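Asker: Using the hints, position chains D, G and L against chain Z.
Protein chains: 4
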Amino acid sequence: MTEPYYRKINYYETDQMGIVHHSNYPRILEECRLDYMEKIGFPYKKMEEMGIIIPVLEIHCYYRQSIKYDDEVYVYPKITKLTPVRFEMEYKMYDKSKEKLLHTAVTAHCFVDSEFRPMNLKRRFPEVYEMFRENIKTD
Amino acid sequence: MTEPYYRKINYYETDQMGIVHHSNYPRILEECRLDYMEKIGFPYKKMEEMGIIIPVLEIHCYYRQSIKYDDEVYVYPKITKLTPVRFEMEYKMYDKSKEKLLHTAVTAHCFVDSEFRPMNLKRRFPEVYEMFRENIKTD
Amino acid sequence: MTEPYYRKINYYETDQMGIVHHSNYPRILEECRLDYMEKIGFPYKKMEEMGIIIPVLEIHCYYRQSIKYDDEVYVYPKITKLTPVRFEMEYKMYDKSKEKLLHTAVTAHCFVDSEFRPMNLKRRFPEVYEMFRENIKTD
Amino acid sequence: MTEPYYRKINYYETDQMGIVHHSNYPRILEECRLDYMEKIGFPYKKMEEMGIIIPVLEIHCYYRQSIKYDDEVYVYPKITKLTPVRFEMEYKMYDKSKEKLLHTAVTAHCFVDSEFRPMNLKRRFPEVYEMFRENIKTD
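Residue numbers (my numbering), protein chains in the order written: chain Z, 1 to 139; chain D, 1 to 139; chain G, 1 to 139; chain L, 1 to 139.
Here chain Z stands alone, though its shape is the one from the complex (with noise of 0.2 Å):
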């Protein structure tokens, strides 16, 4: 299994409510996404530089337990679907003990060129279109 991504929660990510505005996720979620293409040796600023854009989708976020200034949270991605023109991923947020569930969630991408057209992954970068396949899980 993929190592979790690690993350302290700031003070400047806290609303009036005294917890994470539910805006911040997508940004740990951004955080967790990059890291993870980086850990599976493909970093994100490396295909920007290639020609390939990655904008989002969609995005699914389900908030289960609060989280507050100074938590620590781990994040495990997956990339649960691929096409050669869209992929999907999956998150899951626990707390410092790693047990307790915090926050699921699931972005949807595409791929497009530095003009914004839509790309055929698999044709243009077969060998960057593998390095996704490889690390599809399904269970």
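What the hints contain is simulated information worked out from the structure, not anything from laboratory work.
The model shown is predicted, which means the values in this text are computed figures rather than measured ones.
Keep in mind that the hints are not guaranteed to be accurate.
Put simply, identical chains are the same to the list, so a pair is met inside one copy or across any two.
[To be verified] Okay, derived cross-link-like pairs now, BS3-like style, lysine-lysine, Cα gap no bigger than 30 Å in a straight line:
(1) Lys45 with Lys100
(2) Lys78 with Lys100
(3) Lys8 with Lys45
(4) Lys46 with Lys100
(5) Lys39 with Lys8
(6) Lys68 with Lys46
Answerer: For chains D, G and L alone, kept in the frame of chain Z given last:
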């Protein structure tokens, strides 16, 4: 039909793709939601003072067209579901012409008190519940 | 005197102190600055298209009174210094009554081209330089 | 010398100039400041629980070199001034090599209680005041 929420896109909401970062949409939706609650006669500030907190349980965003700095958008909100402990809202974001659909979203919320304990709104604040109920749009 | 920039405070701009987080002021100042440039006839979007980028060199913020969710503020900007390569702006933020001073700030900027090379605005775009010069307020 | 605060730049911190938006620096400084307080034995979370709030009075940022997505930076904080009611900190941000200076900043803070009333820290919490005093760096 409710008047839409008007919003101009800020420079700091863009990212290095040159478009609005996806994490800013939940913020625009929140602006729209709170604006809507004010329009239907129940400003959220007043609700928090009464001890009604409305955290986000779920958020579902569908990014159809990217938006850019200085763009003007109109967001149409509506309450689509309501139970004594929970409600859902839907949002449609259009461009300046109000004809091109840019983004759709759904948010789900529960009612809690100032200690974050679940609250039966219908029982505790029937007049607030009624205000929500009157504004349900099922079309 | 220039018309002020009006702004209502958003919920997501608060932190767990219950007030607007200090990092959001530079964002409100930026909104005000870009609004001002549009008002004096030179929208920043047009400037970027011409290849004039205006990064921030310095920012100085003085937090006098805290502001809260749903507060309405007015920000008065003015250009106070200008050289062919640099300019400064000052800002005064007032409350809804326009009588209580909440915040003051200064930002310093340089002119660069789209490759981030320093630009002599007076030489390259004398008409834009002139527009800035005409709007200097030294009082 | 205190160990610096290490930070990797996130994608969502960039703007359409392709660099980190200037409003994110105060956030990185805050992370650094709170990390520093923890390192010297007084986590801010504990201080808030004791009823010591430390709002920002002033912030002064000098942007020397832009930073980009995926950059790694080191921030060196130090307490430079202290009175019973107020203190100041200075920050120097370096690049990955710790040799290239990217940014410098100063923040000023006061001590208030949980009702935002000014507090004489030396009188109310002499041991916390002492902790600050021991860490002043005037070089």
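Asker: Hint by hint, say whether it matches the structure.
Answerer: Cross-check of the supplied hints:
In this assembly of identical chains, Lys45 and Lys100 lie within 30 Å of each other by CA distance solely across copies; the values are 22 Å between and 33 Å within a copy. In this assembly of identical chains, the alpha carbons of Lys78 and Lys100 lie at most 30 Å apart only when taken from the same copy (19 Å versus 34 Å across copies). In this homomeric assembly, Lys8 and Lys45 come within 30 Å of each other (Cα to Cα) both inside a single copy, at 23 Å, and across copies, at 13 Å. Proximity of Lys46 to Lys100 under the C-alpha cut-off of 30 Å is restricted to the inter-copy arrangement: shortest distance 24 Å between copies versus 35 Å within a copy.
Taking the shortest alpha-carbon separations for Lys39 and Lys8, both the intra-copy value of 19 Å and the inter-copy value of 15 Å come in at or below 30 Å. In this assembly of identical chains, the alpha carbons of Lys68 and Lys46 lie at most 30 Å apart only when taken from different copies (13 Å versus 34 Å within one copy).
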